[in-house]
Amino acid sequence: MKSAEETAPIEASHAAFIQGGVSVIVASRNADLVANAVRGCGCRVSRDRRRVVVLVDRLRTEILVADVNANGQVAVVFSQPSTHRTIQLKGTDASVVRSKPSDRALVASHREEWVDELCSLGYSRLFAEAFWGPLPEALVAISFTPSAAFQQTPGPAAGQPLAS
Amino acid sequence: MALSLNSIRACLEGAVPAVIATCARDGTPNVSYISEVHYVDAGHVALSYQFFSKTRQNVLENPRATVVMAHPETGTHYRLGVHYLRTEDSGPLFECMKAKLAGIASHSGMTGVFRLRGSDVYRVDSVEEVPGTRSALPPSVPLGLQDVRVAMERLSGAADLAALLDGLLDELTTRFGVSHAMVLMLDPARGTLYSVASHGYPESGVGAELRPGEGIIGTAAQSRTPIRISHATSEFGYGRAMREDATASRPARKPRYRSPGLRNRRARSRFRYSPAIGCSAFCSQRARRRHASAMTRRTPSRHWRATSARWRPSSEKRRSRMMVRRASRIPPLRRRAPRSACVTTPRTTACSSVRTT
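Residue numbers (our numbering), protein chains in the order written: chain A, 1 to 164; chain B, 1 to 357.
Everything hinted at is true.
Pairwise CB distance ranges (calculated): (1) A:Lys-100 with B:Arg-115: 40 to 50 Å; (2) A:Val-65 with B:Val-148: 46 to 56 Å; (3) A:Glu-137 with B:Gln-146: 38 to 48 Å; (4) A:Asp-116 with B:Arg-190: 41 to 51 Å; (5) A:Ala-31 with B:Val-148: 44 to 54 Å; (6) A:Ala-12 with B:Leu-145: 54 to 64 Å; (7) A:Ser-13 with B:Arg-25: 27 to 37 Å; (8) B:Arg-25 with A:Glu-137: 30 to 40 Å; (9) B:Gly-27 with A:Pro-101: 30 to 40 Å; (10) A:Asn-69 with B:Asp-147: 46 to 56 Å; (11) A:Ala-66 with B:Glu-153: 55 to 65 Å; (12) B:Asp-147 with A:Arg-47: 52 to 62 Å; (13) A:Asp-93 with B:Asp-41: 41 to 51 Å.
A short, non-exhaustive set of chain B residues, derived as facing chain A with CB atoms under 7 Å: (14) Ala-21; (15) Cys-23; (16) Pro-29; (17) Val-31; (18) Lys-54; (19) Ala-70; (20) Gly-75; (21) Val-130; (22) Pro-131; (23) Gly-132; (24) Thr-133; (25) Ser-135.
Derived by calculation from the structure, the hints in this document are not laboratory data.
Where a beta carbon is used, it is the ideal one built from N, C-alpha and C, also for glycine.
Start from the sequences, fold in the hints, and give me the full structure.
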């Protein structure tokens, strides 16, 4: 019988990737089927890789939280700027949950890694920090079970299901 | 104050990748990166259609979408409410976007592999700032028409080609902040573009040749379309990602063109925010006509053939000598050139520049 990790929707390498200093974009949609997206500020994956939590600055989430609460639909894209390696996870059971005290450190670490990544591409640190934004005063945590995962690195294979 | 597309025009230069959020008919959202949102006019933008992606499938089913983009200098985020209207597969918009894609493809050794199938045109219904993203960084002061007018007046007064080229490079550097530039002309007899002047590179590259269609410069010249690679590193990385994704089915071609002064592809991609590898050159109508006439009459001199075979050393003195020799083949103007000036399509000239801020 396979363990919970072995049957998880995302494999360990993907889990490590999305918890690194990558860009996180969180999208949902409203009742009129109009999608909206905001930039997230970190991600954590449960030990069995069955649950993903994305963190977003509360100031940016007015529309997103309303949409997630209304229908639970979410799509999150993770992309590494230097390589354009990109994957997308989707969920249908998303909900807003309480953030953990440790999330603030996670977000600070994400900011640092992401800014370093952008600087390595030639952007100035000043710009990279402004682009990421200041450390959020309040966080919103959106938790979901990945129901589908796709490769989205630019090219003909973009959109193919992610092998797990 | 309500925002308009024109008020956030800098966001549409492709310096920072944007994202588009769409929704399928069954209610499943999708979010995807887009390398550039192409400005069409004050009420419309266009996205490239290269592959039949989920985004495209969604907008064909449900045309309403949201684009999120960032200001390339301040980092402030903006949200566009857009509505898919149509796909164009010919015409100026399509040709411009096609040339740019071809430039990126050639830059990463993928000439002919990635092609633009169409330009997806969207109406912009709303523009708003994303709450909580306003940055304290100030945007730069945009260049105005006044700067262009003053530059053109100076170039119109150039008495010969050498003065014109010197004036052009000087104006690009001092007035427009373009720190790297080169001017190329077409040799119709040999069917090649050759570099006649450059500025900012460790090696001048004067005398370098490339064929129309090769690399970004050659692609711009061949298609007579300005191409702006807005962030060289980003575009290079995008091309590399596409190549790695495609090499399973087809081996990548090695790029055949060279860039003077930049020793390898990695070096060429290591620019900071750089809103221009552009490809328009401007010169006085008279000088351009004279030069075109001279080039159709004459075959390149022996000296030219000898020196064009390899990259030239960088010394400004050598560059000046070269330019004078080249210019001497063109009859000098007998009277002052007319004050009117033109912006040429790159039929006879192409200029590549990288601006750093």
